[in-house]
Structures are given as structure tokens and as C-alpha cells.
Amino acid sequence: MIDYTTDLKARVPSADEIARIVARSRKLREQAIREMARALWARISKRHGARQMPTGGARHA
55 MIDYTTDLKA RVPSADEIAR IVARSRKLRE QAIREMARAL WARISKRHGA RQMPTGGARH
115 A
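Just add 54 to wherever you are in the sequence shown, counting from 1, and you've got this note's numbering.
A portion of the hints provided could be inaccurate.
What the hints assert, rightly or not - Derived Cβ-Cβ restraints for the label pairs, each shown as a range: (1) Arg-78 / Ser-99: 29 to 37 Å; (2) Arg-101 / Val-66: 49 to 57 Å; (3) Arg-101 / Ser-68: 47 to 55 Å; (4) Ala-69 / Ala-91: 26 to 34 Å; (5) Glu-89 / Pro-67: 27 to 35 Å; (6) Leu-94 / Arg-74: 25 to 33 Å.
Because the hints were derived from the structure by calculation, they are not lab data. Cβ atoms here follow ideal geometry from the backbone N, Cα and C, with glycine treated the same way.
Put together the whole structure using the sequences plus the hints.
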């Protein structure tokens, strides 16, 4: 016979743990987007002769 209650006994993460997981996933996603943007810029700059990727610093000033 299958015991269906084993899934109900799993430990539920605390709010702090969930916040840490979400923050880490956001950080990893931002890093991945940045790397994709660099790769895309490298491909575009080869075609058009652009020298350097523009930084997003001016947007946040």
C-alpha cells in the first residue's frame, strides 16, 4: 500500500529561507542577462565596428 502522508511531512522553508532563495535567483538571473547582453553586443560590434558596450550606469543616475 502507498503511504500518501509522506509528502505532507516535508519541511516547509521559513520566510527568511524563501527570501534568500528569491534574492539568489534574482541575482543569478541578472548575471545571466548581463552575460547574454555582452555576447550579443560582441556579435553586433563585429558587424558594425562598435568599440565598447554602453554601460547602464547613466540610466540609474
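Tested hints:
At about 31 Å, the CB distance of Arg-78 to Ser-99 agrees with the hint of 29 to 37 Å. The hinted window of 49 to 57 Å between Arg-101 and Val-66 holds, with their beta carbons roughly 51 Å apart. A C-beta distance of roughly 50 Å is found between Arg-101 and Ser-68, which places it inside the suggested range of 47 to 55 Å. Restraint check, Ala-69 to Ala-91: a C-beta distance of roughly 33 Å satisfies the suggested window 26 to 34 Å.
Under the hint 27 to 35 Å, the C-beta atoms of Glu-89 and Pro-67, about 28 Å apart, fit the expected range. In this structure the hint that Leu-94 and Arg-74 lie 25 to 33 Å apart at CB holds, the actual value being about 31 Å.
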